[in-house]
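J.: Sequence:
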Amino acid sequence: MRDLSQLRLPRLSIVIPVYNERDTIEEILDQVRRMELPDMEKEIIVVDDGSTDGTREILKRQEEEGLQVLYHPRNRGKGAALRTGFAAASGDYLLIQDADLEYDPEDYRRLLHPILKGKAQVVYGSRFTGERRNMLFWHMVGNRFLSLLTNILYNTTVSDMETGYKLFSRQSLEGIKIRSDRFDFEPEITAKICKKGIRIYEVPISYAGREIREGKKIRWWHGITAIWTLLKYRFVD
1 MRDLSQLRLP RLSIVIPVYN ERDTIEEILD QVRRMELPDM EKEIIVVDDG
51 STDGTREILK RQEEEGLQVL YHPRNRGKGA ALRTGFAAAS GDYLLIQDAD
101 LEYDPEDYRR LLHPILKGKA QVVYGSRFTG ERRNMLFWHM VGNRFLSLLT
151 NILYNTTVSD METGYKLFSR QSLEGIKIRS DRFDFEPEIT AKICKKGIRI
201 YEVPISYAGR EIREGKKIRW WHGITAIWTL LKYRFVD
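With the first letter of the sequence shown counted as 1, position 230 gets the number 230 in full-length UniProt numbering; the numbers rise by one all the way through.
These are computed hints drawn from the structure, not numbers from a lab.
Be aware that one or more of the hints could be misleading.
Label pairs and their computed distance ranges (CB to CB) [what the hints assert, rightly or not]:
1) 231 to 30: 13 to 21 angstroms
2) 206 to 43: 22 to 30 angstroms
3) 87 to 36: 38 to 46 angstroms
Lysine-lysine pairs mimicking BS3-like chemistry, simulated, CA-CA at most 25 angstroms apart [claimed, not checked]:
4) 119 to 195
5) 42 to 60
6) 177 to 192
7) 192 to 119
8) 232 to 192
9) 196 to 119
10) 60 to 119
11) 117 to 195
12) 177 to 60
13) 119 to 42
14) 117 to 232
15) 195 to 177
16) 60 to 117
17) 196 to 177
18) 232 to 195
19) 117 to 42
The C-beta atom is built at its ideal place from N, Cα and C for all residues, glycine as well.
Taking the hints into account, I'd like the entire structure generated from these sequences.
T.: Structure, rendered in structure tokens:
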């Protein structure tokens with residue numbers, strides 16, 4: 001008799017951290033739901049990180065329609081929201097999806113392809129090798145510098161360490177404990193993946209970046225924190 005467990009479709013857990021995104025949350029959820037992934041189950045987990053702008057009320061209505069939503073009573077940061085979402089995820093693969101409209105779920109197949117072909121355990125979507133709405137010059141310089149520093153410290157060649165599209169096999173995350181609560185999640189997870197000896201696979205993605213006046217939450221000082229995080233985790237676990 002065939003082992004029925006071997007007939008189970010692989011599952012992708014899409015973890016969506018959200019904080020004060022009332023203008024975009026419904027649209028991104030619609031896009032994620034519409035994205036068809038042949039031969040794969042899809043699990044959507046939203047973590048509301050203490051929103052106060054009406055996002056939470058939108059999510060409560062969505063929750064009544066079957067959406068899995070987890071709530072932080074106060075804002076704790078993207079890293080904390082992702083820890084909550086990852087802990088609840090049941091998928092074989094975990095994908096981060098930001099709650100704005102900068103990243104397009106149409107790229108899911110492109111991200112999944114190397115993992116499903118057995119070429120990778122971790123895939124990053126690079127904003128610098130695909131079509132994109134050009135970001136401001138100094139944002140580009142900051143992102144390029146952080147990627148360069150990552151490459152120097154961890155002997156890798158990533159082009160976009162700070163990308164929001166990161167896809168992990170469950171196995172790749174085993175033994176990794178994330179301590180960062182905020183945007184320093186990105187350099188910490190990258191550092192620990194590299195120190196584990198896992199080579200990151202990059203694929204080009206489309207990108208429609210926002211600016212601060214449009215609601216972007218990253219500020220210049222987050223770059224300083226990212227530098228410190230990369231340096232710290234080069235020498236500590």
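J.: It remains to establish, for every hint, whether it holds in the given structure.
T.: Evaluation of the provided hints:
no., hint, in the structure
1, 231 to 30: 13 to 21 angstroms, "violated, 41 angstroms"
2, 206 to 43: 22 to 30 angstroms, "holds, 24 angstroms"
3, 87 to 36: 38 to 46 angstroms, "violated, 27 angstroms"
4, 119 to 195, "holds, 19 angstroms"
5, 42 to 60, "holds, 20 angstroms"
6, 177 to 192, "holds, 9 angstroms"
7, 192 to 119, "holds, 20 angstroms"
8, 232 to 192, "holds, 11 angstroms"
9, 196 to 119, "holds, 17 angstroms"
10, 60 to 119, "violated, 39 angstroms"
11, 117 to 195, "holds, 24 angstroms"
12, 177 to 60, "violated, 30 angstroms"
13, 119 to 42, "holds, 21 angstroms"
14, 117 to 232, "violated, 34 angstroms"
15, 195 to 177, "holds, 13 angstroms"
16, 60 to 117, "violated, 38 angstroms"
17, 196 to 177, "holds, 12 angstroms"
18, 232 to 195, "holds, 12 angstroms"
19, 117 to 42, "holds, 18 angstroms"
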